[in-house]
Amino acid sequence: MKRDVIRLGETEIEVHEEGSGQPVLFLHGAGGFNPKEPHVPLIAKHRRIICPSHPGFGKSALPDWVDNVDDIAHMYLDLMDQYGIAKADIIGCSMGGWITAEMLTKAPERFGKVILVSPVGVKLGPVDKLDIPDIYTMSPPDVPKLLYHDPSLFPFDPSKLSDEELSVFVRNRESTALFVWEPYMHNPKLPHRLYRVTAPTLFIRGESDGLVSAHYVEGYAKLFKSSRIETVAKAGHVPHVEQPAAFAKLVNDFLA
Amino acid sequence: MQAWHFSETAYPYLPPADSYPSIRVSLPNKHYDPEKGADLYDRYLKEWQIAEEEGLNIMLNEHHQTATCVDPAAPLMLAALARLTSKARLLILGNPGANRRQPVRIAEEMAMIDVLSRGRVEVGFVRGVPYEISPANSNPVRMNERLWEAIDLIVRAWTNHDGPVSHEGRFFHHRNINIWPRVYQTPHPPIWVSTTSAGGARQVGEKGYIQATFLTGFEATRKIYDSYRAGWRASGFGNDVPIDRLAYAAIVYVGKTEEEAYRGAEKLLWYITANKVAPQFANPPGYVPVAGNVAMMRGASHPLSEFAKGASVEAAIKAGFLFAGTADQVYEQFKRHYGYVGGYGHLLLMGQAGFLEHEDTVAGIRNFARDVYPRIQAEFPDTTISGTYADVPPAPPEHALLSRPASMGAQVMDARPMTPLGAARGA
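Those sequence lines, one after another, are chains A and B.
Per my numbering, the first sequence starts with residue 1, numbered consecutively.
Per my numbering, the second sequence starts with residue 1001, numbered consecutively.
Accuracy of the hints is not assured; some may be wrong.
As the list claims (entries may be wrong) - In silico SDA-like cross-links for lysine to any residue, where the CA-CA straight-line distance does not exceed 20 Å:
| # | chain 1 | residue 1 | chain 2 | residue 2 |
| --- | --- | --- | --- | --- |
| 1 | A | K59 | B | A1291 |
| 2 | A | K129 | B | P1289 |
| 3 | A | K59 | B | V1290 |
| 4 | A | K129 | B | A1291 |
| 5 | B | K1335 | B | P1393 |
| 6 | A | K59 | B | P1289 |
| 7 | A | K225 | A | F254 |
| 8 | A | K160 | B | A1315 |
| 9 | A | K129 | B | R1298 |
| 10 | B | K1309 | B | P1289 |
| 11 | A | K129 | B | S1026 |
| 12 | B | K1036 | B | F1355 |
| 13 | A | K59 | A | K225 |
| 14 | A | K145 | B | G1299 |
| 15 | A | K145 | B | A1278 |
| 16 | A | K160 | B | R1298 |
| 17 | A | K160 | B | G1299 |
| 18 | A | K249 | A | G21 |
| 19 | A | K160 | B | P1135 |
Derived by calculation from the structure, the hints in this document are not laboratory data.
The following block holds chain A by itself, in its conformation from the complex (with noise of 0.2 Å):
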């Protein structure tokens, strides 16, 4: 397990690594990395897990020219080459699924398996239906209930974190903020892009998922050549975070 920081262009990201073997990039969501999640070394026990936080999430720094998915894809992209990594397996969830969902369209050449968590990203629906629930304008106690199939399990308790953490969680969701305001959680030219890619695709639902609808799901994978998806039971928008080792387990197989 080692932690660094390394320099893409100009931007400092930070970058958790865990286990041997082939690389797999995991790519957080909006609630940004946390090492403590039991899904990594579940993941680690077979693989090379890579995991960077995102510019403006955990200690990554966040230029004043970044603002877009995009510019996420391209720094990883950079990621891959400065880590000698020529071909890539690639996991992301719900934003870090849209970050992904770039990178293949970028460089479909360089990703072998591909694995999106309730991935965001496209827009799929009517004009005056919005296809992600818009999390800015609900009461804020009613978020966790479409992230979680069981809220009252991860309470949130500011008490319980030091000013650090905190300092971490409140930039993680300035930082979403910026990614995903508008277009909201989407690209509208991804979809058209997606063509391009090539690679086997497992999609993974939290069957209570709040945010990304089963239905949101399948036409995102139909936008695949090669993909089929997996529900979790008793997990909302967060599979890897609610039931970790159902989750590895899918992803260990599907890797495999």
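Position chain B relative to chain A; hints supplied.
Below, chain B alone, put in the same frame as chain A:
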């Protein structure tokens, strides 16, 4: 001293506050009756005209998707006022530069009104309160940066007279900027920026624009003005900061008697107590700096939201954001505040809010204009240099304070849940 009559043109005829989660952003407009709304516009315009007759200047502002301020396109109201008035200076405070997509359009609107009014416009810019974010679909992150780029671009559009120029900035792109009409005033209308944070004020000082602060009381106002002067001096404008660079907005009501004043003032506090805003609109991510949000999660709260929990005329006067009483009392309260914060050249009077009816509003305007304004104009001339502190404690003396008239009975506090008025209105 310049005084400005300010109304948010509220629509107060709402269902009970406990029947809706937020007066801002999401309150359905089925509660707005256009007939009543038209009457209100007539009335508010008339009040501005009366303020002009009484020798006051005029100020208006802009908010969106809210009953508290039904003026979502302030330049339109400003244009109407340009034709309904002939003497008063017309301050728009202000244009939400970070929330509008095309700053050149703002430059055009302001130039047009400057010509329509023959040079009476004063152009303010605001970052905007957090609940403006959602109506504008505006990204809450990097608003300050957008606002300042917009202001710079607008000034350039106003001051360029030799054919198209271009702007390729971080947020805005225009290849052919060449506005018609040009502005009436030379080189351009006075520029105001409102901020209620010391950091923001320094930035305004560095530009030398007029700094307005709203309801920041004694201590915070003093810090804001100090910070403005530091910015002004750092930019090499000189050691002396003219008093006309600084403005303070207070709720103001002057009555013939203490009882009259108390009744009027209490109605004006609607401005604070009616501002029921759902937390997701009051504090979108990125609006308040990270450290500020951490402090709030640790229990810090905004002084105005604390005040709103137990709002009273007495407390508001002591806090320095309400000047209310007889002419003598208001004079004393104002003088105290002026001296404590080091002076300012503009008093922005929130002289109408909520259920303060037309007659009472007009009485308040007239009492101020006739019985207070001449005294403070004579005593605090526009040629003063700011930053001289009077050796006074912030609280006004007993005889300048109002107390609840016995005839009014006990105050009935509105128990509805309150959320921070702008959380931390940092700009």
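The hints, checked one at a time:
With a C-alpha separation of about 15 Å, the suggested pair A:K59 and B:A1291 falls inside the 20 Å cut-off, and the hint holds. The hinted pair formed by A:K129 and B:P1289 fails the criterion: a straight-line CA distance of about 32 Å is larger than 20 Å. About 14 Å separates the Cα atoms of A:K59 and B:V1290, which keeps this hinted pair within 20 Å; it holds. Among the hinted pairs, A:K129 with B:A1291 is inconsistent with the structure: their alpha-carbon atoms are about 35 Å apart, more than 20 Å.
A hinted pair counts as satisfied when its Cα atoms are at most 20 Å apart, and B:K1335 with B:P1393 qualifies at roughly 12 Å. At most 20 Å may separate the alpha-carbon atoms for a hinted pair to count; A:K59 and B:P1289 meet this at roughly 16 Å. Note on A:K225 and A:F254: the hinted pairing holds, with a Cα-Cα distance of about 17 Å set against a maximum of 20 Å. A threshold of 20 Å between alpha carbons decides the hint, and for A:K160 with B:A1315 the separation of about 36 Å lies outside it, so the pair is violated.
Under the criterion of a C-alpha separation no larger than 20 Å, the hint pairing A:K129 with B:R1298 is inconsistent with the structure, at around 37 Å. Between the alpha carbons of B:K1309 and B:P1289 the distance comes to roughly 25 Å, so the proposed pair goes past 20 Å and is violated. Straight-line distance between C-alpha atoms of A:K129 and B:S1026 comes to about 17 Å, which keeps the hinted pair within the 20 Å bound. Our distance criterion of 20 Å between C-alpha atoms is met by B:K1036 and B:F1355, whose separation comes to about 13 Å.
Distance restraint check for A:K59 and A:K225: the Cα-Cα separation of roughly 36 Å exceeds the 20 Å cut-off, and the hinted pair is therefore not satisfied. Only pairs whose Cα atoms come within 20 Å are accepted, and A:K145 paired with B:G1299 is rejected, the gap being roughly 24 Å. A distance of roughly 18 Å separates the Cα atoms of A:K145 and B:A1278; the hinted pair therefore holds under the 20 Å criterion. For the proposed pair A:K160 and B:R1298, the alpha carbon gap of about 11 Å is at most 20 Å, so the pair holds.
For a cut-off of 20 Å, the pair hint linking A:K160 to B:G1299 stands: about 14 Å separates their Cα positions. Between A:K249 and A:G21 the alpha-carbon distance is near 17 Å, which keeps this suggested pair within the 20 Å criterion. Using a Cα cut-off of 20 Å, the hinted pair A:K160 and B:P1135 is violated, with the two alpha carbons roughly 35 Å apart.
The structure fails to meet hints 2, 4, 8, 9, 10, 13, 14, 19 from the earlier list, while all remaining hints are met.
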